[in-house]
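**Q** Letter by letter, the chains look like this.
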Amino acid sequence: MTEAEFEALRVFLKARSGLALSPDKRYLVESRLSSVCTRFKLESLSHLVREIRTSRSVALEKATIEAMTTNETFFFRDKTPFDLFQDVLLPKYLKERASSRRLRIWCAAASSGQEPYSLAMLLKEASARMPGWHIDIVASDISTEVLEKAKAGVYNQFEVQRGLPIRLLVKYFTQTGDQWQISPEIRSMVDFRYLNLLDDFSRLGPFDIVYCRNVLIYFDAPLKADVLRRIANTMAADGSLLLGASETVLGVTDALTLDPAHRGLYSKTATANAPKVFAVAAR
Amino acid sequence: MSYCLIVDDSRVIRKVSREIVESLDFRVSEAENGEAGLKACHTEMPDVILLDWNMPVMDGYSFLKELRSTPEGQAPKVVFCTTENGLEHITRALEAGADEYVMKPFDKGILAAKLHELGVLPVSHSV
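Chains as they are written, first to last, in the working numbering: chain A, 1 to 283; chain B, 1 to 127.
Calculated from the structure, these hints are not laboratory results. A couple of the hints might just be wrong.
Stated by the list, open to error - Computed list of lysine-lysine pairs in DSS-like fashion (alpha-carbon distance at most 27 Å, straight line): (1) B:K65 <-> A:K149; (2) A:K124 <-> A:K171; (3) B:K104 <-> A:K171.
Stated by the list, open to error - With the C-beta cut set under 8 Å, the calculated list includes, among others, these residues of chain A facing chain B: (4) T2; (5) R162; (6) L168; (7) K171.
To be verified - Simulated DEER-style distance windows between Cβ atoms: (8) A:L28 <-> B:G109: 55 to 63 Å; (9) A:T176 <-> B:K104: 16 to 24 Å; (10) B:P56 <-> A:S34: 44 to 52 Å.
Here the structure is a predicted model, which is why all the values come from computation and not from measurement. Glycine included, every Cβ here is placed at the ideal spot set by N, Cα and C.
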C-alpha cells in the first residue's frame with residue numbers, strides 16, 4: 001500500500017465513520033484489513049483501496065469500516081458507570097419520573113450488547129421498586145455484525161466471566177456447551193438499532209440517560225464537539241451522560257457539565273440551547 | 001497486604017495462580033487438597049481463597065462446606081477456579097457458600113475483575 005493509498009483510506013474512514021486514523025496507524029490498517037481482502041478476493045490492500053474508489057461497493061465499504069471499528073467490551077465494564085447507575089441515577093430518576101413512570105436510556109456505542117444488557121439486568125434486579133414503569137433501552141452501533149451478535153445474546157465462556165458477577169450469570173443465562181445465552185426476558189428489554197453517529201439521531205430522543213463510552217476517543221476534536229452537542233440535544237433537560245474514563249468534554253463543548261462528585265458523569269448545561277464550541281475544537 | 005490461599009492439586013495451576021495474585025499484591029500460601037487447605041486456614045484465616053473442585057483426599061466442595069460451618073470460616077471470600085464449568089456445579093458452589101466462580105482456563109483479567117467485584121482487590125489494581 002502506497003502513502004497515497006493509505007491517505008485515501010484515511011479520508012474514506014474519516015468521512016464515512018468519523019474514525020480519525022493518525023499516520024502512525026498504518027500497521028493497524030494492514031492487520032485489520034487483510035481479512036477483508038481475503039473475504040472479497042482482493043489481492044492486496046492496494047486493490048481494496050482501488051475497489052472502494054471505483055466500484056463504490058456498499059458491502060465492501062461496510063466491511064472495511066467494521067473491520068476498523070474497535071468492539072472491545074465486557075459486562076459491567078469499568079464497574080463505576082454501573083455503580084453510578086444503581087446508586088445515583090436510578091434513585092434520581094425514580095424520584096424525578098415518579099409521575100410519568102417512564103425512563104429512556106441510550107447506549108450509543110453498544111457493540112456486542114454487554115453494556116445495555118448489564119443495565120437491563122440491573123433494572124430487572126430493581127424491578128420490585130419500579131412497578132408499572134415503562135423502560136426503553138435503545139442500543140446502537142455502526143457495525144451490523146456486532147449488532148447481530150448482540151441481538152442473539154450468545155457469549156462464550158471468556159466473555160461471560162469478564163466482569164459479570166456469577167450470581168447474575170446463573171440467574172439470567174442458559175448454557176449450551178461453552179456458550180451462554182442471555183434470557184429472552186432480558187433480551188426483550190433492549191432495542192438494538194444500526195446507527196452511524198455521523199448521521200442525524202435527533203429523532204431517537206429524548207433520553208434520560210445516555211451511555212457513550214470509549215467511542216469519542218476515535219474522533220477528532222471538531223467531530224467530538226459536534227457529536228457531543230447533538231447528544232446533549234437528545235437529552236432531557238435533567239438528563240445524564242456517561243463517558244469513558246479517559247474521555248472528557250472539557251475544552252470541547254460547553255453543552256455538557258461535569259458532575260464534580262462523580263467522574264465520567266455529565267449533565268446538560270442549563271444554557272445548552274445555544275452551546276458554544278471551543279475554538280480549539282473548531283480547528 | 002491481603003492474604004490469599006490457593007487450594008489446588010495441580011502444581012502448575014498453583015504456580016500460575018500464585019504469579020497472578022502476587023502481581024496483584026497479595027501474600028500467598030498454597031495447599032494441595034481440601035484437608036491441607038483447612039489446616040492452613042486454622043493457622044491463619046485468609047482474606048481470599050482460590051479453590052479447585054476436584055482434588056484427592058478432600059475436594060473443594062467438601063472443603064467449602066467444612067469451612068463455612070464455623071463462624072470464623074464465614075470471613076474469607078471464596079472463588080472456585082475449576083474445570084467444572086456446568087451450571088449445576090456453579091449453583092451447588094454458590095449454595096455451599098462460594099462468593100465467585102471462575103471457569104478454567106482463566107487469565108489475569110478475569111481473576112482481577114472477580115476480585116475487584118468482591119471488593120478485595122487493592123485500589124492500585126482497580127480494573
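**Q** All hints, please: hold or fail.
**A** Hints, one by one, checked against the model:
no. : hint                          : result
1   : B:K65 <-> A:K149              : violated (39 Å)
2   : A:K124 <-> A:K171             : holds (11 Å)
3   : B:K104 <-> A:K171             : holds (20 Å)
4   : T2                            : violated (38 Å)
5   : R162                          : holds (6 Å)
6   : L168                          : violated (10 Å)
7   : K171                          : violated (10 Å)
8   : A:L28 <-> B:G109: 55 to 63 Å  : violated (22 Å)
9   : A:T176 <-> B:K104: 16 to 24 Å : holds (19 Å)
10  : B:P56 <-> A:S34: 44 to 52 Å   : holds (49 Å)
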